[in-house]
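Student: Sequence:
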Amino acid sequence: MSRHSYKQQSEQATFPKTAGALPITRPVAVYYRQSTDAQIGNVSTAMQTIDMVTYLEGRGWNKDDILMIDMDGGISGTTKIDERPGMRKLFDLITDGELGAVACQDEDRLFRDVTQIQVNTFVEACRKSNTMVLTPSMVYDFAHAEMGTFYIRQFRFKSEMSAEYITSYIRGRLHPAKRRLMMEGKWAGWSVPLGFLVDMRKHLEDGSKNPMHRKYVPYEPFAEIVREWYRIFLNNAGNVHATVKHIYDFGPYYPDPKTTTVPDGFRFVPSYRLKNYGTGYCLGDVGLTGLLSNAAYIGHWAVNDVIVIKDNHLPIIDEQTFFQSFNYLSAVTLDGSSNSDYNPYQQNARPTLEEHRPVERPIFSGMLFTEIDGKLRRASTQYVGKFQHYGYAVHNPYPLEYVVWWKKADFVDAALSKLLLEKLEATFNADEWQQRLDEFKGEFEKDRRFKLKQLEALQQTMDNLLLSLENLTHPEMIKRVQTRYTEAEKERKRLTDDVHSATAEMTRLESLASLREMCNPALASWDDMPREDKVVVIQSFMEQVKVTPLEGQAICLQIEWRDGSTDEVSLARQGTTYLQWLKTQEEHLFHLVDDGASQLEIAASFPNRTWDAIRQKVWAVRGKGSLQVSPLPITDTETYGDYLKRTNGGKTAHKARNGERWNAKDIDKLQHMVEAGADQVEIAAAFPHRNWGRLRATITKLCGSETKIPGAAAVNGVAGQIRKYETYETYLLRTQRHVPQEQESTEAATLEAGEDDLACISSQNHRKIIRRDALT
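When you read off a place in the sequence shown, starting at 1, and then add 474, the result is the number in our numbering.
For the record, the hints were derived by calculation from the structure and aren't laboratory data. Warning: the hint list may mix true and false statements.
Unchecked claim - Straight line, CA to CA, 30 Å or less: simulated BS3-like cross-link-like pairs of lysine-lysine:
(1) K537 with K602
(2) K719 with K1008
(3) K925 with K882
(4) K1139 with K1182
(5) K967 with K784
(6) K1119 with K1008
(7) K676 with K964
(8) K732 with K660
(9) K1119 with K892
(10) K563 with K749
(11) K1198 with K1125
(12) K892 with K1125
(13) K892 with K920
(14) K537 with K732
(15) K1008 with K1020
(16) K660 with K784
As the list claims (entries may be wrong) - Using C-beta positions, here's what the derived DEER-type ranges look like:
(17) E1017 with T1058: 23 to 31 Å
(18) A1187 with L895: 49 to 57 Å
(19) E1034 with E598: 58 to 66 Å
Just so it is clear, CB atoms sit at the ideal spot from N, CA and C, and this is done for glycine as well.
Put together the whole structure using the sequences plus the hints.
Tutor: Following this line, the structure appears as structure tokens:
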């Protein structure tokens, strides 16, 4: 064996050293481009960036004068100058005379242009601005007095050869081969969606052909992160930016793609959009939008944005979750048709102007729609600078362009917020809600585990059938085994679908639980919540609000909830001091009056109007004094809601106030009882809300001071049964306290009579009086 004769390593002439004088006193730009995302970060990247900068420093340029233009990663060289952000910036620097040279790894990094149109434009700009082009094999000086024409021809030739390479080899041979792989549902060398790996194994461990070769397979450590990002997005009601901010602040973060290892036989090529923003690896707004609308996550395979194979690989996201997210982001469906469920998170705000406005932007902005000519038009949010408030409006489209309706935003927001809080209260505030939710989750989990056990047993059966085929030779027996295996496959598909359904239902229940956690703060302190948090709650529960204009500048709001139910509320024309009546409201009011409804019944039908406003409406139509009701537990300035707050939900017993009006019906009743000889207790029971002093004063006014009421006069120095300032209820309370109580078996029987007891006693005694009057 001959002896090795080692030699000294010769210096590699990577870049030409015979070039003429270089403009080292002027800035130089290093242009970097890769045709696909998958190529970013490979050896060519290092040659185009690191090595080129080192070369330029060695040729005399200061590091501060070397500009890196690297925005064209993943963009083809066949695109035009204005279609590449990096090339556009480079061209601007050249035409502005700010560069002395442009450096690139090869001419094809700049252009692959068969037409030579873009090449000639670039060359002419360099010639006029006296800008050189540097490559590892050539220095082009297009403005050179003697060699300029040669350099221009040489540069054109190189660019044309690069374009011919694309046409003849890549498009003629490589692209068809690549497209064939793609049409078969197989990966052909691009970045892999996060959460998946590519199965590169041609054969399985038993030597059989791998049916998943070059197809996506979920990788659970990654897939679980993707599922959590979907959940955060839905919790933020389709707000991409809020989702990105939440992930940036709290995670979960994707593993570092540079240090992450995957199982042997699998490949992971991360998207260049996956970056470490300081807290961990995650996506920005654009990257996350692409992830949330990528049909690969439900197992579909697309080629050039066309779904060519459904159920091509195992999904990561269930279809319900995916389409709920997809409908926030895509105006078209997966088949390219118009998406009728498209409901984007949209706010046409102007933050710079709104910073200086004294009022906050309305919380339901972007949620209101009105149907015009069969199409829904979104209501605009307008700021009225003169009065410093916002309004919602819908205009008819061009050429008519008139206002269909306009409403002050405060009034609309208040009405919708009230309905929202009532919905939250009814949905989530029940004591048994969490218990029922836990029961449902337990049932679905139990069913899922049961089906998984069935799948495990079924798979063992199918494996045994395959093993039995090795020992069978009789055609009939083989045929029977094949039949059984086919039936087993159908059963496996059914069980797998059931498992997916149970898992999806559990996910839905978990989403409900998270919604409940979200709604609790809203119920407790809605007015104190930040606007951004209110918007998240609103869009989590409301699908949209359809607005229909009514007569008298009124509108009808129909709220479509995400659970499929709807609610309606009508808003009349309203100002700071008035609320217009709708015709339907007027009809209902007079119907109640004619039926003899009490004050509480009338006020409850119009809870946002004061009693004085209700009475004035009746008087305006039927004349002053036409509305006569008694008792009057609600004051003139109170609404029904105010009354409920003051009386703890109507539990506090009403006591007539000084000056409370008597109506003609009550006066006739009182006068009749006095003339019939009713005693003090009977009269007080007939008017339980008035004290005896006011009753006696009215009797004196009607019948004279000489009128005697049995039981009211003092006898032998003892006052009457009911004292001057007592009502019938307080009289019963006082006398009950002096009546010996029977010993009951429970402690509750020995308690002092309260407000509920008074109401019961009052009604019982009143019924006795009525029966006595009927008998006489």
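Student: Hey, K537 versus K732, does the alpha-carbon distance stay inside 30 Å?
Tutor: 28 Å, holds
Student: Within 30 Å, alpha carbon to alpha carbon, are K1008 and K1020?
Tutor: 20 Å, holds
Student: Are the Cα atoms of K1119 and K1008 separated by 30 Å or less?
Tutor: 25 Å, holds
Student: Is the Cα-Cα distance between K1119 and K892 30 Å or less?
Tutor: 16 Å, holds
Student: Given the hinted pair K925 and K882, is their Cα-Cα distance within 30 Å?
Tutor: 56 Å, violated
Student: Holds or violated: K1198 and K1125, Cα atoms, limit 30 Å.
Tutor: Judged against 30 Å, a Cα distance of about 25 Å means the pair holds.
Student: Decide if the proposed pair is consistent with the structure: K892 and K920, CA atoms, cutoff 30 Å inclusive.
Tutor: Violated: K892 and K920 sit about 39 Å apart, past 30 Å.
Student: Checking one constraint from the list: CA of K563 to CA of K749, max 30 Å. Satisfied?
Tutor: Holds - the C-alpha atoms of K749 and K563 are around 23 Å apart, at most 30 Å.
Student: Honestly, do E1034 and E598 meet the 58 to 66 Å range at C-beta?
Tutor: With a Cβ separation near 60 Å, E1034 and E598 satisfy 58 to 66 Å, so the hint holds.
Student: Need the status of pair K537, K602: alpha-carbon distance at most 30 Å?
Tutor: Holds - the C-alpha atoms of K602 and K537 are around 26 Å apart, at most 30 Å.
Student: Does K964 lie within 30 Å of K676 when you go C-alpha to C-alpha?
Tutor: Between K676 and K964 the Cα gap is close to 27 Å, so the pair holds against 30 Å.
Student: Does K967 pair with K784 here, judged by a C-alpha cut-off of 30 Å?
Tutor: 16 Å, holds
Consistency with the previously given hints fails for numbers 3, 13, ordered from lowest to highest.
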